[in-house]
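Please take these sequences and the hints and turn them into a complete structure.
Chains as they are written, first to last, in our numbering: chain A, 1 to 325; chain B, 1001 to 1325; chain C, 2001 to 2351; chain D, 3001 to 3351.
These are computed hints drawn from the structure, not numbers from a lab.
In this text the structure is predicted, and so the values were computed from the model without any measurement.
Ideal placement from N, C-alpha and C gives every residue a C-beta, glycine not left out.
Any given hint might turn out to be false.
What the hints assert, rightly or not - Each pair of labels, with its calculated beta carbon distance range:
1) B:P1303 - A:H251: 36 to 46 Å
2) B:P1303 - C:R2048: 18 to 28 Å
3) D:G3248 - C:N2280: 37 to 47 Å
4) D:G3248 - C:Q2154: 53 to 63 Å
5) A:D282 - C:P2332: 27 to 37 Å
6) A:E3 - D:T3275: 33 to 43 Å
7) D:E3044 - A:T202: 51 to 61 Å
8) A:D282 - B:R1020: 50 to 60 Å
9) B:E1187 - A:F281: 45 to 55 Å
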Amino acid sequence: MGEMTFVAAAREDLDEEMARDPSVFVMGQGIGARGGNFNTTMGLFEKYGPERLRDVPIAERGFVGMCTGAAATGTRPVVDFMFVDFILDAMGELINQTAKLQYMSSGRLTMPIVLRGCYGIGRASATHHSGAYYPIFVHLPGFRVAVPTTPADAKGLLKTAIRLEDPVLFLEHKSLLNTKGSVPEGEHLVPFGEAWVARRGTHLTAVAIGSMVPRTLEVAGRLAAEEVSVEVIDPRTLAPLDIDTILESVHRTGRLLIVDETYAPCGIGAEIAAQVVDRSFDDLDAPIRRLNGLHTPIPYSPPLEAAVVPTTEAIAQAIRDLLAE
Amino acid sequence: MGEMTFVAAAREDLDEEMARDPSVFVMGQGIGARGGNFNTTMGLFEKYGPERLRDVPIAERGFVGMCTGAAATGTRPVVDFMFVDFILDAMGELINQTAKLQYMSSGRLTMPIVLRGCYGIGRASATHHSGAYYPIFVHLPGFRVAVPTTPADAKGLLKTAIRLEDPVLFLEHKSLLNTKGSVPEGEHLVPFGEAWVARRGTHLTAVAIGSMVPRTLEVAGRLAAEEVSVEVIDPRTLAPLDIDTILESVHRTGRLLIVDETYAPCGIGAEIAAQVVDRSFDDLDAPIRRLNGLHTPIPYSPPLEAAVVPTTEAIAQAIRDLLAE
Amino acid sequence: MATPLAATPAESGAAESAAARTALGTAEQLALFRTMVEIRRVEEGLVRAHQNGLVHGACHTYVGQEAIAAGVCAHLRPSDVVFSTHRGHGHALAKGVAAQEIAAELFGRETGCSHGRGGSMHLFKPEVGMMGTSGIVGPCILLAAGAGYSFRLQRTDNVAVAFFGDGASNNGAFHEGINMASVWDLPVLFVCENNQYATEVPYHTVSRNPDVAAKAAAYGLPSVIVDGNDILAVHAAAGEAVRRARGGGGPTLLECKTYRTRAHSEGMRDAGYRTAEEVNAWKERCPIKRFRSHLLEAASASSAELDQVEREVDALVANALAFAKDSPWPDPAMVTQHVYRSEGRAGGSVG
Amino acid sequence: MATPLAATPAESGAAESAAARTALGTAEQLALFRTMVEIRRVEEGLVRAHQNGLVHGACHTYVGQEAIAAGVCAHLRPSDVVFSTHRGHGHALAKGVAAQEIAAELFGRETGCSHGRGGSMHLFKPEVGMMGTSGIVGPCILLAAGAGYSFRLQRTDNVAVAFFGDGASNNGAFHEGINMASVWDLPVLFVCENNQYATEVPYHTVSRNPDVAAKAAAYGLPSVIVDGNDILAVHAAAGEAVRRARGGGGPTLLECKTYRTRAHSEGMRDAGYRTAEEVNAWKERCPIKRFRSHLLEAASASSAELDQVEREVDALVANALAFAKDSPWPDPAMVTQHVYRSEGRAGGSVG
Ligand SMILES: Cc1ncc(C[n+]2csc(CCOP(=O)(O)OP(=O)(O)O)c2C)c(N)n1
Ligand SMILES: Cc1ncc(C[n+]2csc(CCOP(=O)(O)OP(=O)(O)O)c2C)c(N)n1
Ligand SMILES: [Mg+2]
Ligand SMILES: [Mg+2]
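Below is the structure:
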């Protein structure tokens, strides 16, 4: 167990996988000698050279299509988008080729491709560098989606992602990159589809995603002083989604809040709410609530930016309101 | 009131709007002299010429970006995608430019653009020609989404869409194009955000989208014989969504089923369920159920294709099951 | 990394073609003839089946363009890969997919090469290097470039081929994919089948430069223009390009000037955007007819030998269609199989 | 629709430039000088503000490239439109956005040209034809082409300009947008500022053809290469292109060879990928320094006059920064305003 940052943990993992399997390679802008805009590949170019750490032109659609062709022919690409927003120019390839080639070929082709990118609101990155997009990839068939929040999960989920034969969207929240935590050394694999119960509680279940996990944990800690016991669940992967852990929790608490930085409409909170009201209707003692980022392009100015994501105050208030129902 | 097909109603509307406003123009493949792959512009080229009915190269990203620039400078483009699947190559432009320019310019630019396309499963069109994608556009801020199901609504909603200053995704289900209905002549505007209660009922509320509207109505008609009274609601627009009409209905029936051809996860049914369980928890007498297309790329072979969309049998069964809860 | 720009298109092609014309043996020539005839007959069979409602959805035939698939794929091994388009039956056949598997696929049957999941526009048979046709215009260019990248990483001498139309050349995928293949010297052959129309749109109305091959100069890779209705010319130019790619010399853009003599898609109108004279003139330039004449003139084959090939192909195609018609439908219960490789709680124990 | 292909790049540019060099009056030359100095000084002020934490997020300066924005925008009317990139401060200033509105925007204040919603990469001021800079590489090319389409429909003689980098030229947007602008003769000027790097990536490693302008041949539109650090050369070439566009003669691709002498973005490292010698050599070719020498040598202006311009600009920039710092923050309560034009139940009564 070493103490390291989120980004270092993911990088150690990538290094181990590249050492283990020569068919793993990375494509992205600035991921070669530069080591990645977010240091995601720092030091790897020197070890693995330009063919396996391939700096690419500004042609997102092009290199995503290429990595799809590469994955279909036996290599294991990791596409590093830097800001995940740049994935949008490649949606056609991703939806119609990457996500469908396994199905269309009746499983004779596999698609071991990892789409990694840094996401989320913060740092006044403004509207073209603050998106998340995971509800879209959960909606569409063919993708796996991982949103780790701790260094250990960053490592363990990236390792699983690289070894899976399915396309994985692997998202790293910018605000978490430099947070530290203990990380198991060597072979550490976290399976997809197993939520992490980040805090046990009895009065209310709060499912939090990405940057909202530390924020919700902070609120839960604070509310404990008021004798309010909140269970906090970090799903870790959104596709597959470990709904069982959520249902089991709601069975005990009777109340559910979902806290998510991305947009509410047709978002991941909607999906969780819909599954719970369908499958655990009798367990519910109150309405299901969602707290989301406001439905707007992300503004630049720090006070505006702060206003669009759920704050600790808003989370605490939502919990109190829901307990009063 | 004339009797006409869905596609003819929409075409009449486009014709009227092009005659009324010289800044309205259409870009698309085969929408010039050919009159549109789905006859969406038949006869208009002769009236309005090649500048206003512009056949374009196979460069979806390019012409969507161009239409966005055109809309920002005072004209009113209608992009005709033929199959709406082809919109995917333009997602980067749509999400980061089309949907955001009004906000980023603080309302000094407007974005009167209509993105129209034929969608949906049927006719063995296979996986690249059967998608719908509307949950994605509902999720993201900046878009309006219309899914008319009758000829009258096709006309009335397209007219509103063309006159709005906001980007509108206007979707026409392939299976509805040649269905007939009566259509008010001349100036017929249907506002966005007003659901149509297609059938009154008291036992259960069924919200149906697109191709599922006639199918659900058929089931409701059949179940009436069994003394089961189903209220069928066609939201007509998904953004804005007329949740009030749905809440009011659930208040009376206590039971809600959402029937939708597209994928369940983070879909429109999830959004409706999440809003209802939040706002009408005490009205609910049973779980909320969703019936969706299976979570898979759309297969070609007719029996496989038929297996991925909710059938009338499945709808009837879901209603019976929900009434037994 | 700067290298001299491409030679002007066409030159190298013309020279090489003449050389290869003589070099090709009789057996090889008969094989080319057979492939072209097979493509033509399969298409004709599928057209009838489409008219009879046995083929569902859209059906874009390759009639008139047979020399291109035949001439290019003759140079490929099963481990070489082909990525193709909506007009892909010919590529699949030339790459070695059995006629019966293609017919069954278009009939929507379990025995089809995509087990009924694909149809006309989604033909998959990775076992022989047929990596899929696509309903979307453009992606095949990128997928082939990526396969080329894989082959380099794997230190194999496999080659990837993308077939696409003139219409695709105006798409961003062309620009991005060919540029990257060029700067990284990938073993790829980009085959543009310029049949002069994208659906009903004439190429000269959507590009001011009438030669797709000329666009290679922007990317600094070699390009060639050939008469796409001349099987020997296609064969020669493709041979040189495949050799270059296999030998580490990087990609080539091969433009084949050709024409489709049927409607864009079965059941679509075929008037109004081109004249009957134009179509008839191109029917006269039928690649099969021309090659037949050439073989007879050069005394490379007798009329009887060629008739025999045609009879064998006719029998094969008749069998293929019968096989398709008698094949079972796929099982709807299996419809979501293969969406994911890893089901449920994925991973963790993988390795 | 086929027209003769573009003349080889550079020729026309060189000729025209010599002619225009003489034609330009003193007042116009001083105005160009002033614009360049203003861009430089604003950038220097923003750099300091960024170091002091007053500018948030990323900040890409235009230092070294001033001649391009100044030389091109000098030909534009307020009704002409500019679409720009992440490196857009210079374009906004040259197009007529006040320095104080740009400073306030980067400071995140309500008085900024985008009311604090945009920041460095999202500068909007449609009132003067500044239609937005973009954090995404590529779209400006398409948006400008579309504005050109609008202008044609509206029967105005307005012109649209897209500024973009060498990095953008490998993007599909370049291919699709320039092609359509060419086939439809749209009134657009495509200005590629080839500063030879995209972030840290040298252009010659991502394109085998070192000249972006040469790629115009693929699309059949005229192109020119100019020394982007020579304001008079840029001004002359842009003048010809704008006149052609305004007169219905269609688009031009103008490649300006230049260099950014600061890091890609403030706070980023600026070593490892280029040498200090290279940077210094380009600092010697500073467009402002060169133009100052030229004006003095040609006796078009005195040293005192130029110093006076610089002092005026210094005062303006100092004021702009003070204005920005003293400006109020935007009101968080208004944060979702302007997402939609029509609120709630949209339409129906619109008209
Ligand atoms: C991205 C995309 N846009 C539009 C279409 C509709 N479409 C199908 S085939 C075709 C024409 C293709 O022309 P070309 O590439 O020249 O091939 P050809 O049909 O002539 O063989 C079009 C526009 C599509 N399939 N994909
Ligand atoms: C689509 C997209 N991909 C990647 C980026 C990240 N990025 C920002 S600036 C830049 C380099 C741009 O190079 P160039 O176009 O030459 O402009 P320059 O910075 O040299 O002015 C990159 C890769 C982006 N903003 N958008
Ligand atoms: Mg064609
Ligand atoms: Mg650059």
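Hints, verified against the model:
no.	hint	result
1	B:P1303 - A:H251: 36 to 46 Å	holds (40 Å)
2	B:P1303 - C:R2048: 18 to 28 Å	holds (23 Å)
3	D:G3248 - C:N2280: 37 to 47 Å	holds (39 Å)
4	D:G3248 - C:Q2154: 53 to 63 Å	holds (54 Å)
5	A:D282 - C:P2332: 27 to 37 Å	holds (33 Å)
6	A:E3 - D:T3275: 33 to 43 Å	holds (39 Å)
7	D:E3044 - A:T202: 51 to 61 Å	holds (59 Å)
8	A:D282 - B:R1020: 50 to 60 Å	holds (56 Å)
9	B:E1187 - A:F281: 45 to 55 Å	holds (46 Å)
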